[in-house]
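Chains as they are written, first to last, in numbering that gives the first Met the number 0: chain P, 0 to 157; chain Z, 0 to 157.
Some clues are possibly wrong.
Computed list of lysine-lysine pairs in DSS-like fashion (alpha-carbon distance at most 27 Å, straight line) [as the list claims (entries may be wrong)]:
1) Z:LYS153 to Z:LYS131
2) P:LYS131 to P:LYS153
3) P:LYS153 to Z:LYS131
4) P:LYS153 to Z:LYS153
5) P:LYS131 to Z:LYS131
Some chain P residues judged to face chain Z by a derived CB distance under 7 Å, without partners named [claimed, not checked]:
6) PRO21
7) ALA25
8) TYR44
9) ALA97
10) ARG154
11) LEU156
Hint data in this document are derived by calculation from the structure and do not stem from the laboratory. Yeah, the Cβ is synthetic: ideal placement off N, Cα and C, and Gly gets one too.
There are 2 protein chains.
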Amino acid sequence: MDSLEVGERRLTIDRATESDVPELVALLADDVLGAGREVSELEPYLAAFRDIDSDPHQYLAAVRDVDGSLVGTMQLTLIPGLARGGAKRLQIEAVRLASSVRGTGLGTALFAWAHDYGRQHGASLAQLTSDKTRVDALRFYEQLGYQASHEGFKRHLC
Amino acid sequence: MDSLEVGERRLTIDRATESDVPELVALLADDVLGAGREVSELEPYLAAFRDIDSDPHQYLAAVRDVDGSLVGTMQLTLIPGLARGGAKRLQIEAVRLASSVRGTGLGTALFAWAHDYGRQHGASLAQLTSDKTRVDALRFYEQLGYQASHEGFKRHLC
Numbered sequence: 000m001d002s003l004e005v006g007e008r009r010l011t012i013d014r015a016t017e018s019d020v021p022e023l024v025a026l027l028a029d030d031v032l033g034a035g036r037e038v039s040e041l042e043p044y045l046a047a048f049r050d051i052d053s054d055p056h057q058y059l060a061a062v063r064d065v066d067g068s069l070v071g072t073m074q075l076t077l078i079p080g081l082a083r084g085g086a087k088r089l090q091i092e093a094v095r096l097a098s099s100v101r102g103t104g105l106g107t108a109l110f111a112w113a114h115d116y117g118r119q120h121g122a123s124l125a126q127l128t129s130d131k132t133r134v135d136a137l138r139f140y141e142q143l144g145y146q147a148s149h150e151g152f153k154r155h156l157c
Numbered sequence: 000m001d002s003l004e005v006g007e008r009r010l011t012i013d014r015a016t017e018s019d020v021p022e023l024v025a026l027l028a029d030d031v032l033g034a035g036r037e038v039s040e041l042e043p044y045l046a047a048f049r050d051i052d053s054d055p056h057q058y059l060a061a062v063r064d065v066d067g068s069l070v071g072t073m074q075l076t077l078i079p080g081l082a083r084g085g086a087k088r089l090q091i092e093a094v095r096l097a098s099s100v101r102g103t104g105l106g107t108a109l110f111a112w113a114h115d116y117g118r119q120h121g122a123s124l125a126q127l128t129s130d131k132t133r134v135d136a137l138r139f140y141e142q143l144g145y146q147a148s149h150e151g152f153k154r155h156l157c
């Protein structure tokens, strides 16, 4: 378990456990885009959690306030690759902060922690995509030193 | 090993092996962006290859012509996740086709194969990013049904 100091607040980061899944899903659904994309049954999320948890290249982070409540999450994936001199990538997905902690500096602290995690695991490049309608998030990532050099394409396989 | 029929051409797709690494690196470097990003020593690529090859969620594809020459590559990563109802993602990286096979329909056939691979492994969403300067690639992905809904951010961790 790691800790984050944000102003006078002290938060913890740890790998999520199966018992965190309901809270994590609630956080994903409490979002302008997530609200229309998440489902009410828990079982698909539990199955997905087990897939994540059994893959050593995934880190699903649970960020907790001092009272133990879940206030943030992100999923880190380490992707080895040949391109760019054999660069390992840290991919960041599914970033969500509870509305109660937005604007407190937690996002910045969480990304600094994630970048350290990547470096410790040999990653030289961090990458993420953000929906073009998330205007505040796009600005946040640019402030963190990210460059919007790429188009992010998605396609359903069903 | 799978095969692809492209017009009168018959190509094969298989997992790359360590002996393919020099040809794969040459393919990555034979590219307007890759030319400035790849290095001359082979060792970093061999180390990266071993990381890829030891991770069961990676598939580094080697596409070969009937004479055995390497004419294409892409790297597939299966990423489990909680978001979107516990959707598993097929991430596609490091797509390269030799200049000798561009415009033949091989790219389209290769992506159809990749999407089938994703479906067979439970993925419901395919995702990739493409540098905004690769105008032909951006059009190609839109023709394949991809939507450029996201900004693709990158940041060096060094």
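Hint check:
1. Z:LYS153 to Z:LYS131: holds, 12 Å
2. P:LYS131 to P:LYS153: holds, 12 Å
3. P:LYS153 to Z:LYS131: Holds, at roughly 15 Å.
4. P:LYS153 to Z:LYS153: holds, 17 Å
5. P:LYS131 to Z:LYS131: This hinted pair holds, its Cα atoms lying about 14 Å apart.
6. PRO21: violated, 11 Å
7. ALA25: violated, 11 Å
8. TYR44: Check passed: Cβ of TYR44 (chain P) comes within 5 Å of chain Z, closer than 7 Å.
9. ALA97: violated, 16 Å
10. ARG154: Hint holds; ARG154 (chain P) Cβ to chain Z Cβ min 4 Å, cut 7 Å.
11. LEU156: holds, 5 Å
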